[in-house]
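Chains A and B, in that order, are what the protein sequence lines are. Note that the numbering used here numbers the first sequence so that position 83 is 83, with each residue one more than the last. Note that the numbering used here numbers the second sequence so that position 589 is 589, with each residue one more than the last.
Calculated from the structure, these hints are not laboratory results. Some hints here could point you the wrong way.
What the hints assert, rightly or not - In the SDA-like style, the derived pairs of lysine to any residue whose C-alpha atoms are separated by at most 25 Å in a straight line are:
#1 B:Lys-26 <-> A:Arg-30
#2 B:Lys-34 <-> A:Pro-16
#3 B:Lys-26 <-> B:Ser-699
#4 B:Lys-119 <-> A:Pro-16
#5 B:Lys-491 <-> B:Tyr-622
#6 B:Lys-119 <-> A:Arg-37
Read off the chains here:
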Amino acid sequence: MAHVDTTAPEAAQTSPITRRVDVTVNGEPRSAEVEPRMLLAHFLRETLGLTGTHIGCDTTSCGACTVLLDGTPAKSCTVFAVQANGREVRTVEGLETSDGLHPMQAAFHQEHGLQCGFCTPGMMLTAIALLEENPEPSDDEIRWALSGNVCRCTGYQNIVNAVRSAAAAMREGE
Amino acid sequence: MATQPEIRGIGHSVERKEDARLIRGKGNFVDDVKLPGMLHLEVLRSPFAHARIRSIDTSAAAALPGVVAVVTGELMAEHGLAWMPTLSGDTQAVLATDKVRFQGQEVAAVVAEDPYTAKDALELIAVDYEPLPALTSPQAALASDAPVIRDDKEGQDSNHIYHWESGDREATERAFGDADRVVSLDTHYPRCHPAPLECCGCVADVNPATGKATIYMTSQAPHAHRTLFAMVAGLPEHQIRIISPDIGGGFGNKVPIYPGYVVATAASLLLGKPVKWAEDRSGNLISTGFARDYHMHGELALKGDRMVALRVKMQSDNGAFFADAQPSKLRAGLFGIVTGSYDIPAAHVEADGAYTNKAPGGVAYRCSFRVTEASYLIERLVQTAAYEVGVDPAEFRLRNFIAPEQFPYRSATGFDYDSGDYAAAMQLALDKLGYEDLRREQAEAREQGRLLGIGLASFTEVVGAGKGKDYDIVGLRMFDSAELRVHPTGKAVLKLGVRHQGQGHETTFAQIVAEELGIPPEDVDVQEGDTDHTPYGLGTYASRSTPTAGAATAVISRKLRDKARELAAHKLEAAPEDLEWEPGRFFVKGSPDRGATIQELSLAAYSDLPDGMEPGLEGVHYYDPPNMTYPFGTYAVVVELDRGTGAWKVLRVVAVDDCGVRINPMIVEGQIMGGLTEGYGIAAMELITFDEEGNCIGSNFMDYLLPTSWETPKFELDQTVTPSPHHPLGAKGVGESATVGSPAAYVNAVIDALAHAGVRNIEMPLTSDKVWAALAEAGLAE
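Can you make the complete structure from the sequences, with help from the hints?
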């Protein structure tokens, strides 16, 4: 194999510079040594094994990688893991509790708000952040809030229905 | 008598079984697959659209710590893998050896311990290119002095690929000779991209001890891909296992085989370790299956208000390799369906293909092999003709539709339409819209200086390929399959040859078993996508899963029900013909209390059989459809134009679909709304274009625009139901109707707002600058 060199070169022994990241993910403290350039999306998926956060575009355009960073939606494909140091991250894996599904998860299921499911984690997290600020949004407010999250399957109408229905359930639950 | 579980078969909006994992972030997409010792592959792509490769120096990349291998075309050639066959019988470079032929073409690949290192190493590969002139349109490519893009092919002395004809030229010419009037339209269906939210990728795991290649792959057609891998790589087919796990949308993009899959598999074979290739978005948009890029000239011959002939010349822009995903015998797919919903006695279609320095891999973006282009052309032509004749576009359609009593109907280009009632679907759409009132409102608005437009599209699709005799992919007949195993406790596993990417098969197909065999959907586990554990099939695209695998599921369920009748006869001590079936249960005629449930009979199949009966309750059926299915409908769109900016806003979308019998109405409506949104995207914003040097514009989601929740219109849906006479359930397939039908409706609406000023065409995507230019030319701009 002319171009294949399977022996590790000596230079491999020099490790890249790393930084320690201490972050609370879904309520649990997590720590790791990572390269400063590592993206938060990769940190969650590869370092912590939380593969529910998906990567769709690499350019902050599609929102599949949305997580909540201190409660605010952030597109984790353009945030460095080190920027999350000392902060709280919430991902789709943190939505269900011992009481059952989050009302947003239940509503996406009931309203057929997902098809392939690739955008769904980011979409639900953005919607949850909306309802934190505005517990009774209009359809237009929902559509505006979700406009940074692309869905290629559903046409959004059932997603809007799901968010409206989750909002009602969450208001009743309070 | 045991309490019967609720059986929610056909017609129930059963909530989706697949949601449970997806809403928890517990889906298993290809990029989620992580194997011990797994390496990462990244692809180096050409910055030039057309260039000769003088040399490639990989030494610096290979020396980078963490890099395990650098793969070039030269290395692939040593293993006979520098080129691979395409789905249209052409060849495509896996890694370039001689020239690059489009921007983004795969030139080399790096395998490293982590993806960051692999990307670093790509920057260290030095490629010496000699740029050549780039040909970015078929017109330029077919000029007599154009350089030959495919100089690798012996005997290829121009950039012409194919010539294809359909219909009766002489009859069409005669009809044109006798016509009162000829209406024509020149239009380009622009290059767009399916852009599923998940890019393509694979994890290839060739076990050095056993030689077995397990390939996790974003594949809409895992069985066909296994066979192609066997043919391309020379691996024995039983040693290849394709696993297509959860797929994050496909829309046709995941039908072809791409170089990344081949290189990753070769790398795994050579290195003895699992290799992951996870394509980035830019790679997805610039190198994988684009769609459309058809330049169309259509002419309608009219006698009075009747269309008497259609003549079409079409020029396809196929990119650097003819890699269109379509049945082997069809050079332009099913474009011949261009007569649409209309009774046009004569038609002739001519098509030619051209190589250009653009990405290859024309796929049917949520469409059945070029039906979208055909539907767009005829629906745009019909509206143009209506204006020229001076008849309302709805009325003009009504006068030209194929009538219900004409079915089965053979079209002038040889398609056998199974069933339809086009006028009924259109009338329902018009009623729902309040069409006549809207026309009055439009006239009044015009008086006040406001521009409203009403656009219709009454599409007919042809989906559900095969029949296998006429439709094949590289010789493989387009049937599909279902294997049903009922366990002793009455729970079942259904295994299919198709592979969903969000269409809800795990629910819909369980409902078919529920309908036919009486086992509730929650007791049927639907499995797809693992070639070692599912029966052979051609995959999910072209709206074919329900027409083929759905039919196979119904047939095998009925066969097992027949066996259950024998078991019931034995158990109830009655003659089989004296038993009656009600959902989930056989009982003795006239004695409804003497019965046995399907669950009891399942147990009997393993425990209490008549002498001589084969034990078990399972079987497999391969279904080769006798014909395609022909879903149809009418979409009606209302828009208002901004005379100051050319922006247009959708005020209403009414969609009446007839896809035959609906198995899960909720899922069907979800498919339609998704298609209406992608259709809107195509009409309004989605575009892959190129500058004159062949640089791709549309290589990321900042340039390739997708509709978001903010722009996307709200949809009002309705239905008519005209069952397919040849499908066991009367179903027709629906995944693509709205992408096929709706672009013309949106465009027709914008044109309709300007038709009074003589505007007949604006090319998609209808961006505000183009609409403003049309407004300005018509003297209507503010």
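Results for each hint:
Note on Lys-26 of chain B and Arg-30 of chain A: the hinted pairing holds, with a Cα-Cα distance of about 20 Å set against a maximum of 25 Å. A threshold of 25 Å between alpha carbons decides the hint, and for Lys-34 of chain B with Pro-16 of chain A the separation of about 23 Å falls inside it, so the pair holds. For a cut-off of 25 Å, the pair hint linking Lys-26 of chain B to Ser-699 of chain B is broken: about 30 Å separates their Cα positions. Straight-line distance between C-alpha atoms of Lys-119 of chain B and Pro-16 of chain A comes to about 15 Å, which keeps the hinted pair within the 25 Å bound.
At roughly 22 Å between alpha-carbon atoms, Lys-491 of chain B and Tyr-622 of chain B fall within 25 Å of each other, so this suggested pair holds. The hinted pair formed by Lys-119 of chain B and Arg-37 of chain A meets the criterion: a straight-line CA distance of about 13 Å does not exceed 25 Å.
In this structure, the one hint that does not hold is number 3.
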